[in-house]
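Q: Read off the chains here:
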Amino acid sequence: MRPAFLIAWREFAENAKTKGFWLGLLLFPAIITASIQVPIFLEKQGTPTRRFVLVDAGGRFAPLLREKLAADETRRQEEALRDFARDATRQETLAGFIDPTDKQLDLARWRAAQGADWLKVPGFKPPAPRFAESPLPDDIAADAQPDEAARRLRPWLRGERKLSVDGKEASLFAAVLIPADLVELAQGDGTKDRRGIQYWSENLADIALPQLVENTINAELRRRGYTARGLDAATVQSIERTRAPMTSLNPKKAEGEETVGLADRIRQWLPSAFVYLLWIAIFAIAQILLTSVIEERSNRIIEVLLSSVTPGELMVGKLLGIASIGLTMLTVWIGSLVIIVVWKASGISPAQAAASGGMAQLPGDVATLLRTTWLLPAFAMYFLLGFLFYSGLILALGSTCNTLKEAQSFMGVIVLFLMVPLMLMTYIPRDPNGPLATALSWFPPYTPFVMMNRVTADPPMRDVVGTLVLMVVATAGVLWGAGKIFRMGILRTGQPPPLLEMIRWLRS
Amino acid sequence: MIAPVLELRNVTKTYGSFTAVDDLSLSVPAGCVHGFLGPNGAGKTTSLRMILEIIRPTRGSITLLGSPSALAVRSRIGYLPEEKGLYKKMKAWAIIAYFATLKGMGHRAAKARAFELLERYGLKDFAEARTEALSKGMGQKVQVLAAIAHDPEFVILDEPFSGLDPVNQTVMEDIITDLRKRGRTVIFSTHVMAHAERLCDRLVIIAKGRKLFDGTPAEARETLPRRVRIQTADDIAPLRSLPEVAGLLPMADGGCEVELQRGADAQAVLQACFAHGIRLRTFRFDEPTLHDVFVKLVGPDAKEAMYR
Chain A
25 MRPAFLIAWR EFAENAKTKG FWLGLLLFPA IITASIQVPI FLEKQGTPTR
75 RFVLVDAGGR FAPLLREKLA ADETRRQEEA LRDFARDATR QETLAGFIDP
125 TDKQLDLARW RAAQGADWLK VPGFKPPAPR FAESPLPDDI AADAQPDEAA
175 RRLRPWLRGE RKLSVDGKEA SLFAAVLIPA DLVELAQGDG TKDRRGIQYW
225 SENLADIALP QLVENTINAE LRRRGYTARG LDAATVQSIE RTRAPMTSLN
275 PKKAEGEETV GLADRIRQWL PSAFVYLLWI AIFAIAQILL TSVIEERSNR
325 IIEVLLSSVT PGELMVGKLL GIASIGLTML TVWIGSLVII VVWKASGISP
375 AQAAASGGMA QLPGDVATLL RTTWLLPAFA MYFLLGFLFY SGLILALGST
425 CNTLKEAQSF MGVIVLFLMV PLMLMTYIPR DPNGPLATAL SWFPPYTPFV
475 MMNRVTADPP MRDVVGTLVL MVVATAGVLW GAGKIFRMGI LRTGQPPPLL
525 EMIRWLRS
Chain B
8 MIAPVLELRN VTKTYGSFTA VDDLSLSVPA GCVHGFLGPN GAGKTTSLRM
58 ILEIIRPTRG SITLLGSPSA LAVRSRIGYL PEEKGLYKKM KAWAIIAYFA
108 TLKGMGHRAA KARAFELLER YGLKDFAEAR TEALSKGMGQ KVQVLAAIAH
158 DPEFVILDEP FSGLDPVNQT VMEDIITDLR KRGRTVIFST HVMAHAERLC
208 DRLVIIAKGR KLFDGTPAEA RETLPRRVRI QTADDIAPLR SLPEVAGLLP
258 MADGGCEVEL QRGADAQAVL QACFAHGIRL RTFRFDEPTL HDVFVKLVGP
308 DAKEAMYR
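These protein sequence lines are chains A and B, in that order.
So the first sequence is numbered by my numbering: it starts at 25 and just counts up by one.
So the second sequence is numbered by my numbering: it starts at 8 and just counts up by one.
These are calculated hints, taken from the structure and not from any lab test.
We put the CB at the ideal spot given by N, CA and C, even for glycine.
Certain hints may be false.
[To be verified] BS3-like mimics (lysine-lysine), calculated; alpha carbons at most 27 Å apart, straight line: (1) K188(B) <-> K41(A); (2) K41(A) <-> K303(B); (3) K41(A) <-> K218(B); (4) K143(B) <-> K429(A); (5) K218(B) <-> K303(B); (6) K118(B) <-> K96(B); (7) K41(A) <-> K143(B); (8) K43(A) <-> K188(B); (9) K131(B) <-> K218(B); (10) K43(A) <-> K303(B); (11) K96(B) <-> K131(B); (12) K43(A) <-> K218(B); (13) K118(B) <-> K98(B); (14) K215(B) <-> K188(B); (15) K218(B) <-> K118(B); (16) K41(A) <-> K98(B); (17) K429(A) <-> K95(B); (18) K96(B) <-> K41(A); (19) K149(A) <-> K127(A); (20) K508(A) <-> K429(A); (21) K92(A) <-> K144(A); (22) K429(A) <-> K96(B); (23) K43(A) <-> K96(B); (24) K41(A) <-> K429(A); (25) K215(B) <-> K143(B); (26) K131(B) <-> K95(B).
[Stated by the list, open to error] Which bits of chain B does chain A cover? Going by a derived footprint, with three or more residues having C-beta under 8 Å, they are: (27) 87-95; (28) 104-117.
[What the hints assert, rightly or not] Partial selection, computed: residues in chain B whose CB lies under 10 Å from chain A: (29) R16; (30) L59; (31) I84; (32) A154; (33) I163.
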């Protein structure tokens, strides 16, 4: 076996020296980190305060909107102060107001004690407001009708004229124009040919402001409607809040743990990520395998090698070496994923996670998942078998090709073939133990993909053990056949052999 | 005679209906440089590959270094294939060392040996260069060094001279001569007769898969009648009756070639000329060359090789 290991080592060392390897190695964690950190960074940087004007011809909604915006701003400031207070080193000023149980700032007590100065904490910089109302340019009346106001505001909205804010120029981000007869419009009389509330902005992607306006005004209109019909607004509100509680439960889980939470949903979907990973890994490695075998073939180095080692040793060596490259890449990818997840999870307390809803809980859930299921070992098993299966196949095909171009046509077929598990990936988690998933699990080329999708859904032991055994047998079969084709194909010159001839090689 | 290190017995290789090597038998004694001559497509490379057990003969048996399987004794064999190629991204020394380790050498020893060989054959400055940066000739030398780095007893070189400039051809000859001095057995194929003439202790000529000749270069020459070339204005008819002379062949330029009987002394012809008062303008006695032998034996098949 020494020659096989020597060949494997050379394959590993030579590939590990390539730029592509290091790029692939580092790019993945870099992209993951970036996709987590960039939004946080952007959030911290904050979008600049956006200036808008508000023209309410009827004058009935403007005060309400301003009140709502102010409340929104206060909530953001409170959140920022809470975040600030979380860092233990900064808590001296706030020390008396930290809740000893959950280490959170008791905002109500702090605000009551500080009054209007509640934001004045040394070292704390309150976030800049997201939206700020600007005074109307002089020639526009505060009660102008929307069409008139829009016409006059156009130069500002298009950036041709600038606002003056504290002596500095600022551009107008948006205009909110409310017609005087909005209440009547909302009753549904002739709304079809009227625009109603007009939201003017070059940036229609940022929907925070128009949504706030729409929600606030609609809520107010409904409140007035209730009052007009003699209904108590408070009563209506309490009725609207009625919710029948509903919980999803999984009967397979231990008593007391049946609740289906986010972790369970991740448990269902995370394997898809791993299937992708395997898919990418197979193709990244396929390229290396093909290049490597075709280089030796076209250089005729193969002859020197075959005078020193048997075709079997050569094939095993190449597989081992390139598999190690793939595994190294995969290990680094998964390792970095786990490190990032754990790092992100450690920075968030459970209370905070609960407060900010599901998304913040995600990293923690993933970490728990990785700790508690046999996902990683299962993934490793199916990956290894799937990898050997396909690389044997690819190596055998590569050994019959003189150029990468010839090999690409074979690869095209394999790509198409492997599109199927990728497309099925969205269906299988929905019914992980259904007939389709079960049937495909027993089709060796798809077994690793489908089973990886199923392992978190507690498939029957029979399926797990059975497919693993089948996969081992199938992989051994492919490697045996690949050895035969490799042996015959490797020295063949000229066109790639027709399929029939390859089948004959298998039988010889 | 010493026991042969390589013996082929009735080896035949067929691909479908095509016979690449036809009933080839051959015996190569230890320590000799053995030429493998033949036109393109003669079956040289196929024979060499069979000797190396890269491919298996359809019929017949091969014994190499006392073993029926070349793979069993592969660490004692060195091989330079016909088409030359190296891993482009590897350094010259690393390739030599890699192939040496595949043949069983330890890593450290292989590395030391690689540098030693590169220095000895004038490639010291290129030891650290990637092979893609080497010229074709340098690359080929690196490959030969890789083939012999593990100091094999038996070396097979398939067309070692092709693509080399005259200087590097000399280096290649040196490498082969060095191997012989150290008692190694070398088989090399070529269709450049000059190299075979200078280097071979024995040679085999094959065409269309069949062996046409097997023996020493001297024996090869003896397969051709020796000829004396004379030019004279006088009548040469009296020479015809000499027992040493097999025949007279008039030449286009007015001269004549006197074909000698096997084993005859050309001196007798000269004496007869004096005796009969034939005044010679030219009297030239040349041994036949391997080139002549090759052309004679291979015939029309050789044409392709000549024009290559």
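Q: For every hint, state whether the structure bears it out.
A: For each hint, the structure was consulted:
no., hint, result
1, K188(B) <-> K41(A), "violated (41 Å)"
2, K41(A) <-> K303(B), "violated (55 Å)"
3, K41(A) <-> K218(B), "violated (48 Å)"
4, K143(B) <-> K429(A), "holds (25 Å)"
5, K218(B) <-> K303(B), "holds (14 Å)"
6, K118(B) <-> K96(B), "holds (17 Å)"
7, K41(A) <-> K143(B), "holds (24 Å)"
8, K43(A) <-> K188(B), "violated (46 Å)"
9, K131(B) <-> K218(B), "violated (41 Å)"
10, K43(A) <-> K303(B), "violated (57 Å)"
11, K96(B) <-> K131(B), "holds (18 Å)"
12, K43(A) <-> K218(B), "violated (52 Å)"
13, K118(B) <-> K98(B), "holds (12 Å)"
14, K215(B) <-> K188(B), "violated (33 Å)"
15, K218(B) <-> K118(B), "violated (41 Å)"
16, K41(A) <-> K98(B), "holds (12 Å)"
17, K429(A) <-> K95(B), "holds (19 Å)"
18, K96(B) <-> K41(A), "holds (9 Å)"
19, K149(A) <-> K127(A), "holds (21 Å)"
20, K508(A) <-> K429(A), "holds (23 Å)"
21, K92(A) <-> K144(A), "holds (23 Å)"
22, K429(A) <-> K96(B), "holds (21 Å)"
23, K43(A) <-> K96(B), "holds (12 Å)"
24, K41(A) <-> K429(A), "holds (24 Å)"
25, K215(B) <-> K143(B), "violated (30 Å)"
26, K131(B) <-> K95(B), "holds (18 Å)"
27, 87-95, "holds (count 9)"
28, 104-117, "holds (count 6)"
29, R16, "violated (21 Å)"
30, L59, "holds (5 Å)"
31, I84, "holds (7 Å)"
32, A154, "holds (7 Å)"
33, I163, "holds (8 Å)"
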